[in-house]
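Enquirer: Residue numbers (the numbering used here), protein chains in the order written: chain A, 1 to 356; chain B, 1 to 356; chain C, 1 to 67; chain D, 1 to 67; chain E, 1 to 250; chain F, 1 to 250; chain G, 1 to 180; chain H, 1 to 180.
Think of the hints as simulated: they come from the structure by calculation, not from any bench. From the three backbone atoms N, C-alpha and C, an ideal C-beta is built for every residue, glycine too. Check the hints yourself; a few may be wrong.
Listed next, with one range per pair, are the computed distances between beta-carbon atoms [what the hints assert, rightly or not]:
| id | chain 1 | residue 1 | chain 2 | residue 2 | range |
| --- | --- | --- | --- | --- | --- |
| 1 | A | 351 | B | 295 | 25 to 31 angstroms |
| 2 | B | 45 | G | 105 | 56 to 62 angstroms |
| 3 | D | 43 | E | 230 | 55 to 61 angstroms |
| 4 | B | 47 | E | 229 | 39 to 45 angstroms |
| 5 | H | 120 | A | 351 | 58 to 64 angstroms |
| 6 | H | 144 | A | 45 | 50 to 56 angstroms |
| 7 | B | 235 | A | 183 | 41 to 47 angstroms |
| 8 | A | 45 | C | 22 | 57 to 63 angstroms |
| 9 | G | 116 | F | 220 | 54 to 60 angstroms |
| 10 | C | 46 | G | 158 | 39 to 45 angstroms |
| 11 | A | 351 | H | 157 | 56 to 62 angstroms |
| 12 | G | 87 | A | 213 | 30 to 36 angstroms |
| 13 | G | 116 | A | 214 | 28 to 34 angstroms |
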Amino acid sequence: MVKKVLMKGNEIIAQAAIEAGCKLFFGYPITPSTEIIEYLAKHLPKAGGTVLQAEDEIGAISMCYGAAATGARVMTASSSPGISLKQEGLSYCAAAELPVVVVNVNRTGPGLGGLGPMQSDYFQSTKGGGHGDYRLLVLAPSKAQELYDLTMEAFDLADKYRNPVLLLTDGFLGQMMEPVELKPKPASPEFDRSWIVNGAKGRKKRIIASYALSNEVGEAINLHWEAKYKELKEKEQRWEEFYAGDADYLIVSYGTTARIAKSVVLNARRKGIKLGLIRPITLWPFPEKAFLPYKEKIKGAVTVELNTGQMIEDVKLALECKVPVHLYRRLGGMLPTEDEILAFVEKTFCPGLEEV
Amino acid sequence: MVKKVLMKGNEIIAQAAIEAGCKLFFGYPITPSTEIIEYLAKHLPKAGGTVLQAEDEIGAISMCYGAAATGARVMTASSSPGISLKQEGLSYCAAAELPVVVVNVNRTGPGLGGLGPMQSDYFQSTKGGGHGDYRLLVLAPSKAQELYDLTMEAFDLADKYRNPVLLLTDGFLGQMMEPVELKPKPASPEFDRSWIVNGAKGRKKRIIASYALSNEVGEAINLHWEAKYKELKEKEQRWEEFYAGDADYLIVSYGTTARIAKSVVLNARRKGIKLGLIRPITLWPFPEKAFLPYKEKIKGAVTVELNTGQMIEDVKLALECKVPVHLYRRLGGMLPTEDEILAFVEKTFCPGLEEV
Amino acid sequence: MAKVKVLSQYCKCCQLCIEVCPQGGLKVGDKTNARGYNTVVPVNEEKCTGCTLCAIMCPDVAIEVYK
Amino acid sequence: MAKVKVLSQYCKCCQLCIEVCPQGGLKVGDKTNARGYNTVVPVNEEKCTGCTLCAIMCPDVAIEVYK
Amino acid sequence: MEKVFGRSKGLSGTPFSFCPGCTHGIIMRLIAEVLEELDIIEETIGVSPVGCSGFCQDFFTCDFVSGAHGRAQAIGNGIKRALPDKIVFTYQGDGDIAGIGTQHAIHTAARGEKITSIMVNNALYGMTGGQMAPTTLKGMKTTTTPYGREVEVYGYPIDLPKIIAALDGAVYVASVSVDTPKNVLQTKKAIKKAFRVQQAGLGFALVSVLSTCPTNWGLSPQESLKWLRENMMPFYAMGELKATEEVKNL
Amino acid sequence: MEKVFGRSKGLSGTPFSFCPGCTHGIIMRLIAEVLEELDIIEETIGVSPVGCSGFCQDFFTCDFVSGAHGRAQAIGNGIKRALPDKIVFTYQGDGDIAGIGTQHAIHTAARGEKITSIMVNNALYGMTGGQMAPTTLKGMKTTTTPYGREVEVYGYPIDLPKIIAALDGAVYVASVSVDTPKNVLQTKKAIKKAFRVQQAGLGFALVSVLSTCPTNWGLSPQESLKWLRENMMPFYAMGELKATEEVKNL
Amino acid sequence: MMDKIILAGFGGQGVMFIGKVLAVAGMVADLEVCWIPSYGPEMRGGTANCSVILSDREIYSPVIDKADYGIVLNQPSYDKFLPRIKSGGTLVVNTSLVNLDTVRDDVNIIGLRATDLAYELGNANVANMVCLGALLPYLQLTDYAKVEKALEQVVGSNKKELLELNIAAVKKGMKRAVDN
Amino acid sequence: MMDKIILAGFGGQGVMFIGKVLAVAGMVADLEVCWIPSYGPEMRGGTANCSVILSDREIYSPVIDKADYGIVLNQPSYDKFLPRIKSGGTLVVNTSLVNLDTVRDDVNIIGLRATDLAYELGNANVANMVCLGALLPYLQLTDYAKVEKALEQVVGSNKKELLELNIAAVKKGMKRAVDN
Ligand SMILES: Cc1ncc(C[n+]2csc(CCOP(=O)(O)OP(=O)(O)O)c2C)c(N)n1
Ligand SMILES: Cc1ncc(C[n+]2csc(CCOP(=O)(O)OP(=O)(O)O)c2C)c(N)n1
Ligand code: SF4
Ligand code: SF4
Ligand code: SF4
Ligand code: SF4
Ligand code: SF4
Ligand code: SF4
Ligand SMILES: [Mg+2]
Ligand SMILES: [Mg+2]
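With the rest of the complex left out, here is chain A:
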């Protein structure tokens, strides 16, 4: 076992990127994501890579677009308002099928908001904040080790599917320090590189583009993307179950709030309430499969979210509206406590208990 070190969430992401062979980072500072560019500015050059602070977030995502077209591993990171600025670029990356890794350290929104954690960019991340019918693969780590492991894997997934991958964390996970084992990255499989542009030496020239001159061609490309997204839906749904097996009620939550939810599950169990947790690790594709065994079995579900109810729609669809699904939410950078979530679960599902 590699010795654990204590690191900030953002720094862990940065270190994982280096370990994954990321050679280029283009970014623009924004709290609470800035430690990522700062850490990389210090350490990536030593690993033979380049960090460039771009003129803005649009410049950064465009540089990623260019660098990814050459087959290089490339990353950018920002936080909510900065991610909004990248939406056109992300749509282009998805359309040109470029493997870019993007980190969003979700802060409070809309507008300038505050620096606290929120999960208010769930829709933007999973349904496509940019124009057109594209999807990002969205990973939602919830602790230090996972920040490390999933960041490394994000690069492989991006290469495998030729699709941008979004790592969605929040101001809490980004700023928090926890021990992490900086494991060496397992070897990556070989990826198809027959599409990259690096000078047409001894081969036919290649073009990276995202337009269709005719509607017929446009439809064909859209169908190709659709097929890819279908494959992703089949193969890449990920989640963690925690005391779900025999649960009467499920909490569904990801990232920071999923951790609080775990404590709630334990507290509930101590009180005799059969509560369990499903923690989506991929937000897109949403782990619908996780809900299959439960949709006829459980009596109800609660999503715990740092927004006014976004993931709840996907949970309802995954459960086919077979059981009531409630929302417990805190907003504006506030985090729920174990006690208030448990109280909500009790009030909602076991109103008798309250009196005790």
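Use these hints to put chains B, C, D, E, F, G and H with the ligands onto chain A, whose structure you have.
Expert: Just chains B, C, D, E, F, G and H with the ligands now, with coordinates in the frame of chain A:
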């Protein structure tokens, strides 16, 4: 009755804005929306207004932000990639509660795409393509007269709720010419103007902003927005029903495709199939109420969309997954024909009929 | 001895070559190409000096010059 | 006759006023204000010329000058 | 005794949120004084950026609009186009106006938008903890140039006022500093002129003020002023970089 | 007989998609010839914009990347940073580079990014049907300035090369025209130099080429060249606007 | 009753203009009308087509899958749109630029050398109006009188010469169609 | 076992630093650790607080609602965080800057004039370490030895003087707490 004139969809929008008292237009050309700025450049100055072609779409939405803060009626228009660029600005407009009217003439995406019509920006429009938990009021006209009427009303709605309103059309509706009655705008109600900035003469100074220094304040603001969106959901759902009353099957479709769907409904009825149509006019708030009478009654539904299935999620939720909901889609700028939709409906719901 | 050859599939009949030729060496022909343009053809061929001015100005690289 | 007054609630003890005063008219005091800063106080008050240099340089508009 | 120096009516009572010794405060005070002296507090709408100065709306007594990082000028243009008779100014950090906002800076000047912009140049992104800005000097260490700004990798610093002065719609461009009382007074003069240019409807006016960031420079307030004087003032073109005839005749 | 003029190896056989007489075609041909003459076709990655020139990837034989409107330079920078030994160039309309892309134009130049940019200035947005561009001349009619560009409302035209020349990272900036055979040859020289600057790794190079848009100008190809000569060339600074010593010694 | 008409040709051949004239003719008769353009991505030189629906009741689907009538001005348009004419429909073809090697038995194909006929009127650009004239006798919901009124509106009655040229072209086409 | 600790004071009083030392002390003992900062929007002058959890099993919820322990270095922090100490918990208070007018009976409040004590060591900046020392005896999962090791890592053993100053401060605080 005012005499009908033949106009392009985009020009109708522009003329309606003038009629609604829009005094400022900030935009940047992009096919297939460009006739809006071109028409206004010609005609708005004569009506005492100002058209400024901005340096880019971000400049345009920022100018709208500033102008709206003064209480002036203001509009911008673009098409898919340009709308992606406005996402940060739209999030700020929503957060600062500024009444801006935004037109998206949806073209083919993602990326540069093509110039044909698509409905691939449904998610972006309705779930919030920008960061944070905000909503736009989204109107989806489907013919010339409605382009005119809804554009005029968009300004009133924006003022009433102090919220950006998005008019979502597509390359087809924008370029099409149809007769339109250029009715004078009905008088607007009086709106609260106690928040506008126009120089603190004889009053306390005012601030238009969108940040929260503390999480507690941040949460309070988020709750305020949530309450407003709830009110919108209660009061502003709109839809049209077409042969829905006794229908066994429903098509759900908006905009361009809803018109094709109407022909399909008539063709189906001629064949003895009890098909009806629900046409959402507000895409957000989604007209869930429309589905209440039908969710226990119909045998199935089909959404006809120009994307790989976006609105279908809202339809399933509105129907509480009580009946199967299918998708019929064309992509990349292609439009479905009456015949192919009807064939799909028959194959899906009346497989016996096919043989006949 | 010089000669110009017009690759008619490229020509769009913009006539910039005609304008620039000091020898009156080109004129609009009467054939329409696949894209709907009447294409330019050499004329007064013996006068052509192979100066390439026409080719230099042709926006569609439709002219080859031989000398 | 001149006089400076330090509005201690604004003062952040940056000491730019001290640096710029030609008369040595200000020094760091020993009281801490509500925001945790030791605040500046006038000293050698009789020497103050009311030149306002201290106020001009004060980034927190914490100094009033009377003459 | 008479008060010969006190808080301007242009300032609200709210204490500045800046670090001790940060000269953002001096510059804001000067603007407030100018608004008072020109008697335009009630005619003025300020636009604040995102950055340390981003909370300036709380400190002034005039109306204020706060928008997204880098967009203050575009927002200001929107306001001015809606209310051509009011006075509109933006207050922006170097990162805001010469980094993410360059696009608007160039086009605002080119169009001759009739607003006044104050640029506060502290050679880095203060608010976010001291990253490189386009204005960061060669070799200067910041958190994103931990080994010093190497021009080979990170490029050369931008002298935005110089660029703006070259655009036809900009009629007044000045670059000033607040490192000494004398220069503070000079700065005030420049700011005042920039507002008078707007009152006269002549075109776009920009005043760039060199400012300190003791916190992120890792220097005391006093050392910071010295550093500014010895490093920034020699690099940036100082003084009135542009004043059209009409402006000179004001 | 020997072929003394023919299609360059740098061009694919695909016919240009431009309108008859549009000089975009001349400029592309020149670039292709330069790539062939410097023997860098196989080393080069072009970046195409959105605009009439947006389909240029089909016309060249080198690798190409096409991105969003205005972002070509940022994309090019990303490519060059990933492949510092390759040659990267952008081909952009005036709207693309001096309108929506100004932000990247300024910072690409300031950083001295080692790429070559060709700007094609036809004084309007051609692709979208002839709207005003930042380069549209005073009084010029476009579909968004139907009464002519009034500078009071729409601002002054921008001479981007002049601005770029003022930035330290730009080592070669030229403004040329393709209105006559002589100027076409001049343009080719400038383009060649701009590529040689990149081969030598000296910094950023920009060549701005004045070009026609017969369709949206509403003039014949011949009249268009004349209009360009009589209206655009007198307004825009022409010639080598900047060439550092190192560039001169190339 | 409903007339669904498709019009196609090179960009620059005035296809959109035919559509506009037909649409305005519909307006003149107080019909429901829907005109839909479809440009290629190129400003010029590509192909352009548009469609017009005239109807005496509300037009639901604006999309023409199979048209009742069509005009094609060049070869690529002929090849593309011949299959999109309804069985029993009518297609006017500019045989100056189209060869009729492939035909359909179930479609009434009216070939006429429209470009040449237009030349005869002194301006090749009105080939489009010649074709419109040739189609007119077949349409259900409009006629020459309405088209003449429409032309007055679209061209503008102050541009007298141009108007007369267009009218002459329409008439020439009508005559030719009748002679056919 | 789990120690949940809240630390608060003015920005610049070294609150984050106490947290880091505690977190590293946890690492030294191979514990599970979670350190969470919370800054105000101002770079300086605002209040700052952070929280540390030390645990011998996996830490699920990283959020401290009610803390077992706390250190507050100034008045606003005292007012804000006193209610957030668990009943039976311990709160170390820098009484150089805090007056203890309001107290809680169910919380063990250790007041010490930490700033003054730090002055005595020649540097007011180590008031934070004095308070840490005062809290140490109460913590379950760490102790002086681990904190000393942690300080070596965090300060760096090459900065000898600074290290010694910090250690002296911790010791001074410990002594005071015991004397209490
Ligand atoms: C779109 C976006 N990107 C980045 C940020 C983060 N951010 C806030 S302020 C700032 C820089 C401020 O620097 P400057 O303008 O120089 O002002 P200073 O704080 O130095 O006065 C940045 C990058 C943001 N809020 N929004
Ligand atoms: C984000 C975005 N905004 C707008 C457009 C529409 N658009 C395409 S090309 C273009 C302008 C092209 O003008 P220019 O760069 O001058 O090139 P030209 O066509 O004149 O050669 C515009 C505005 C777009 N594609 N994307
Ligand atoms: S080569 Fe010279 S002379 Fe010959 S046709 Fe061309 S321009 Fe005329
Ligand atoms: S210049 Fe070229 S394209 Fe134009 S007419 Fe001559 S040969 Fe044809
Ligand atoms: S007014 Fe002048 S003399 Fe008096 S304290 Fe201030 S700087 Fe010193
Ligand atoms: S300059 Fe102002 S803030 Fe600074 S120490 Fe003096 S009075 Fe206090
Ligand atoms: S961080 Fe720098 S610029 Fe910001 S308030 Fe502090 S000293 Fe001033
Ligand atoms: S529209 Fe203008 S720029 Fe575009 S191809 Fe045609 S002539 Fe050239
Ligand atoms: Mg700064
Ligand atoms: Mg152009």
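Enquirer: A separate judgement is required for each hint: does it hold in the structure or not?
Expert: We went through each hint and held it up to the structure:
Against the hinted window of 25 to 31 angstroms, the Cβ-Cβ separation of residue 351 (chain A) and residue 295 (chain B) comes to about 27 angstroms, which satisfies the hint. Range check, residue 45 (chain B) to residue 105 (chain G): Cβ separation about 58 angstroms, and the 56 to 62 angstroms hint holds. Distance hint for residue 43 (chain D) and residue 230 (chain E): a CB-CB separation of about 30 angstroms, inconsistent with the stated range 55 to 61 angstroms. Restraint check, residue 47 (chain B) to residue 229 (chain E): a C-beta distance of roughly 55 angstroms breaks the suggested window 39 to 45 angstroms.
Range check, residue 120 (chain H) to residue 351 (chain A): about 59 angstroms between beta-carbon atoms, so the 58 to 64 angstroms window is met. A beta carbon spacing of about 40 angstroms between residue 144 (chain H) and residue 45 (chain A) contradicts the range 50 to 56 angstroms that was offered as a hint. At roughly 55 angstroms, the beta carbons of residue 235 (chain B) and residue 183 (chain A) sit outside the given window of 41 to 47 angstroms. For residue 45 (chain A) and residue 22 (chain C), the Cβ-Cβ distance of about 59 angstroms falls inside the hinted range of 57 to 63 angstroms, so the restraint holds.
In this structure the hint that residue 116 (chain G) and residue 220 (chain F) lie 54 to 60 angstroms apart at CB is violated, the actual value being about 25 angstroms. Between residue 46 (chain C) and residue 158 (chain G) the C-beta distance comes to about 51 angstroms, which lies outside the given range of 39 to 45 angstroms. At roughly 59 angstroms, the beta carbons of residue 351 (chain A) and residue 157 (chain H) sit within the given window of 56 to 62 angstroms. Checked against the hint of 30 to 36 angstroms, the C-beta distance between residue 87 (chain G) and residue 213 (chain A) comes to roughly 31 angstroms, which is consistent with it.
Remark: the range hint 28 to 34 angstroms for residue 116 (chain G) to residue 214 (chain A) is upheld by a beta-carbon distance near 31 angstroms.
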